[in-house]
Amino acid sequence: MAAIEKYNQAFVEVFGVKESALNDHFSKDNMKEWDSVHQLNIVAFLEEAFDIMLEPEDIMNMTSYEEGKTILARYNIEF
Amino acid sequence: MARWNIKNVALRGVSLCVPDRVVKTEDFEFFTAEDAEVFNNTVGIKSRYLAPDDVCASDLCQAAGEKLLNELGWDKESVDVLLFESVTGDYKTPPTSCLLQDRMGFSQHCFTMDIPMGCCGCMYAMTIGANLLSAGSVKRALLLVGDTAVRMGSLKDKSRVPLFGDCGTALALEYDTAADEIRVDFQSMGKGGTALMTPHGGFRQPVTPESFIYEDFGNGIKRAPVHTLINGMDVFSFAISRPPQTVAAFMEDYGIDKDMDIDYFLIHQANKMIVDRVVKKLKLDATKVPYNLEEYGNLGGASLPSLMVSRLKEQLTTNPQTLLLSSFGLGLTWGTMFLKTKPMIIPDIIRL
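Going down the list, the protein sequences come from chains P and L.
For the first sequence, my numbering begins at 458 and goes up steadily by one.
For the second sequence, my numbering begins at 214 and goes up steadily by one.
In case anyone wonders, no lab produced these hints; they're calculated from the structure.
The beta-carbon is built from N, C-alpha and C at its ideal position, and this holds for glycine as well.
Check before you lean on any hint, since a few could be wrong.
Stated by the list, open to error - Here are some of the chain P residues that sit facing chain L, going by a computed Cβ distance under 10 Å:
(1) GLU504
(2) MET510
(3) PRO513
Claimed, not checked - From the derived model, a few chain P residues whose C-beta atoms are all more than 10 Å from chain L:
(4) MET458
(5) ILE461
(6) LYS463
(7) GLN466
(8) PHE472
(9) ASP486
(10) ASN487
(11) GLU490
(12) PHE507
(13) SER521
(14) GLU523
(15) GLU524
(16) LYS526
(17) ALA530
Chain P extracted, bound-state conformation (with noise of 0.2 Å):
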């Protein structure tokens, strides 16, 4: 699977949303169902996904679809 497929199937899993919705509008400042719960899963689905341990300030800098990405590439994860 393509890294952008598994980056996109941890959102569509922990925030139930169809892949169409994903944008670079997709955050926490934009959805409400963001909470810390749901922020924790993303990084657990990712790190499971691409076989990383996240830095702590990695963890909390997870806040939108686009800064994921940004943060993944300084795992070596191109997309």
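Since the structure of chain P is provided, determine the placement of chain L on it from the hints.
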């Protein structure tokens, strides 16, 4: 690097004392039935033992210590070191360990010390106690580890009150040249210190009338500056990253095979989401990871010894065991310990 290979020290016994009162999640007035169910399912803490206001951590620890000494058959005169680990001591001064030396009737020749280190408390007490004994100058140490943490915070703080339970534990260490090495790694990250903090009441921010003025932070969180706070997201992101990273590095450095060399992994029982994440990240065999948070809640520094007593009594009293311990919390600090035990004394759980 804060690592020790501590020689010549054996863990002879562990005991646990809890208050008699059980509080279930559904009993909290600030939770609806639906809230309580969600909390039980996600955080995993379904009940906890809570002490009345006139019972301190030192009382619970004293009961645990007395029973352990009795079952070990240790004369109090033979105890050279008495450590009290707690963030809920009797007074700001004097040290509670000194008061316990008198209350419990230990010799005036006993070395006493308080250690206020939060959820890594047991590991700190064991590291300090074992290092004191290792050279053989002193032979026996009693470590008392316990807290009444709920009372540190606001009882109107829905984000904190249901997480904690009260207890006192005791651990007995003895000089023994035949004991296996205790290996420990400790790390600290002070920049995260405000994630778990009591803003007022120290000398940086002494108590003033403003210290008691409540503020409503929303989401069921009402507290004053004198109350202990938890910044949940900061704590979570720390707890599910640094400790498992360190445990993995520790096992690699010491050539420890997680599947072959360890009988049980004792992970600080912060909450189910955190422990589950640590277990998954380290790909641990779930049958080797006991939990007791569903019954006891987060017991702070006493979490690990409470696991030994409440979930591993039969194993620890009958056979040698190899344990890998991981604790994390206040500071922020985190520790990893490799410990081989021989059959030890574990009294029945005391209800006070």
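Now for the hints, and whether the structure bears them out:
Annotation: interface hint on P/GLU504 holds; nearest CB of chain L at approximately 7 Å, less than 10 Å. The restraint placing P/MET510 at the interface with chain L holds, with a minimum CB-CB distance near 6 Å, inside the 10 Å limit. Taking 10 Å as the C-beta contact cut-off toward chain L, the hint placing P/PRO513 at the interface holds, the least distance being around 4 Å. No Cβ of chain L comes within 10 Å of the Cβ of P/MET458; the nearest lies about 20 Å off, and the non-interface call holds.
Every Cβ of chain L is farther than 10 Å from the Cβ of P/ILE461; the closest lies at roughly 24 Å, confirming the non-interface assignment. Once the 10 Å rule is applied to beta carbons, P/LYS463 is consistent with being away from chain L; the minimum gap is 17 Å. Residue-level check passed: P/GLN466 sits 17 Å from the nearest beta carbon of chain L, beyond 10 Å. The claim that P/PHE472 is not at the interface with chain L holds, since no C-beta of that chain comes within 10 Å of its own (minimum 16 Å).
Distance to chain L confirms P/ASP486 as a non-interface residue, since its nearest Cβ pair spans about 15 Å, more than 10 Å. Taking the minimum C-beta to C-beta distance to chain L, about 18 Å, the non-interface status of P/ASN487 holds against the 10 Å cut. The non-interface label for P/GLU490 is consistent with chain L: the shortest C-beta to C-beta separation is roughly 14 Å, beyond 10 Å. Every Cβ of chain L is farther than 10 Å from the Cβ of P/PHE507; the closest lies at roughly 13 Å, confirming the non-interface assignment.
With a least CB separation of 15 Å from chain L, P/SER521 remains clear of the 10 Å interface cut-off, as annotated. No beta-carbon of chain L is positioned within 10 Å of the beta-carbon of P/GLU523; the least distance is around 19 Å. Separation of P/GLU524 from chain L is adequate, the least Cβ-Cβ distance of about 14 Å exceeding the 10 Å criterion. The non-interface label for P/LYS526 is consistent with chain L: the shortest C-beta to C-beta separation is roughly 19 Å, beyond 10 Å.
For P/ALA530, the requirement that its beta carbon stay farther than 10 Å from each beta carbon of chain L is met, with the minimum near 18 Å.
Going through the hint list in order, the structure satisfies each hint without exception.
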